[in-house]
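Line by line, the protein sequences give chains R and X.
When you number the first sequence by my numbering, it's gap-free, plus one each residue, and the end is 165.
When you number the second sequence by my numbering, it's gap-free, plus one each residue, and the end is 100.
Keep in mind that the hints were calculated from the coordinates and are not lab data.
Quick reminder that beta carbons are idealized off the backbone N, C-alpha and C, glycines included.
Each hint should be verified, as a subset may be incorrect.
Per the computed footprint, the stretches of chain R lying under chain X, defined by three or more beta-carbons under 8 Å from a beta-carbon of chain X, are [as the list claims (entries may be wrong)]:
{"no.": "1", "stretch": "4-14"}
{"no.": "2", "stretch": "37-46"}
{"no.": "3", "stretch": "62-68"}
{"no.": "4", "stretch": "106-112"}
{"no.": "5", "stretch": "136-144"}
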Amino acid sequence: MERALFYFFGAVAVLASLWMVTRRNALASALSLVVALVSLAALYALLQAPLLFAIQLWVYAGAVMVLVLFVVLLLNLRQEEERPEPIGVGRFTLGALVVAVLAWKALAVLEAVPRLPAPPVAPDFGGVAAVSEALFSRFVVQFEVVSVLLLAVIVGVVVLAKRRF
Amino acid sequence: MVGLPDYLALSAVLFLIGAVGVLTRSNGLILFMSLELMLNAVNLTFVAFARFNGSMDGHVYVFLVTAVAAAEAAVGLAIFVGLFRLRRSVDVDQANSMGD
Numbered sequence: 001m002e003r004a005l006f007y008f009f010g011a012v013a014v015l016a017s018l019w020m021v022t023r024r025n026a027l028a029s030a031l032s033l034v035v036a037l038v039s040l041a042a043l044y045a046l047l048q049a050p051l052l053f054a055i056q057l058w059v060y061a062g063a064v065m066v067l068v069l070f071v072v073l074l075l076n077l078r079q080e081e082e083r084p085e086p087i088g089v090g091r092f093t094l095g096a097l098v099v100a101v102l103a104w105k106a107l108a109v110l111e112a113v114p115r116l117p118a119p120p121v122a123p124d125f126g127g128v129a130a131v132s133e134a135l136f137s138r139f140v141v142q143f144e145v146v147s148v149l150l151l152a153v154i155v156g157v158v159v160l161a162k163r164r165f
Numbered sequence: 001m002v003g004l005p006d007y008l009a010l011s012a013v014l015f016l017i018g019a020v021g022v023l024t025r026s027n028g029l030i031l032f033m034s035l036e037l038m039l040n041a042v043n044l045t046f047v048a049f050a051r052f053n054g055s056m057d058g059h060v061y062v063f064l065v066t067a068v069a070a071a072e073a074a075v076g077l078a079i080f081v082g083l084f085r086l087r088r089s090v091d092v093d094q095a096n097s098m099g100d
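Same shape as in the complex, but just chain R (with noise of 0.2 Å):
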């Protein structure tokens, strides 16, 4: 059942990425992007992680994507889609090349990775409150460096929009 779900995901998430990589339309490409992050949490969910996989739908494939489709539908890329969009030689040999190399590595590590079955866990594993001691204990600094960096954001975000071109 659980080879199942996973190549059922998996699958999904591949050709849904793919997909979004190869349209024209980034309308068409922001909603297959929210089909392979939605999948991606079922495949956060089949690795026992409850937290992660409600955080990926409400804040990926939630907030981020609501965002994102709003600039995209906000922003008229009629003639976006229209202009022909040419790979140059230097571009394919660079996409090319970075492709083989992180192949090669990829394969390289997963030869390496012993295939053991998955050690069993508590049954709050991944969730809220397993999470957050680590977060609130040996992550602290860490949570703060992001909260600084909210908050900058805010800051930065507000004078992007407030200046004119």
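Mind docking chain X on chain R? Use the hints.
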């Protein structure tokens, strides 16, 4: 049973698809979405390692990455809106001038 290598392979495939998008697309919004896909591929690696090592640390990092990605989305999209108001286009190949 689904092992750690399966999750890592899926994550590598998603990361590569995102990398291809970032390197080959010139529509800024689709480029940005490919970047989000790469971040998510790395998040899947974190969660898979957390599960198979029985440790909570990966979940904390995914939480922090999600917060940073949301911040990045807000700033990035504000920049694209500004770019579009300036040039009537979000083509990143045409945004090659610091002036005007």
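Going through the hints against the structure:
A count of 4 residues in the stretch 4-14 of chain R with a Cβ less than 8 Å from any Cβ of chain X is obtained; the coverage claim is therefore met, three being the minimum. Restraint check on the stretch 37-46 of chain R versus chain X: 5 residues with Cβ-Cβ distances below 8 Å, three needed, restraint holds. Figure legend: the stretch 62-68 of chain R, annotated as covered by chain X; annotation consistent (4 residues with Cβ-Cβ distances under 8 Å, at least 3 required). Here's how the stretch 106-112 of chain R fares: 3 of its residues keep a CB closer than 8 Å to some CB of chain X, so the rule of at least three is met and the hint holds.
Evaluation of the coverage hint for the stretch 136-144 of chain R: fulfilled, as 4 residues show C-beta separations to chain X shorter than 8 Å, against a requirement of three.
The structure meets every hint from the earlier list without exception.
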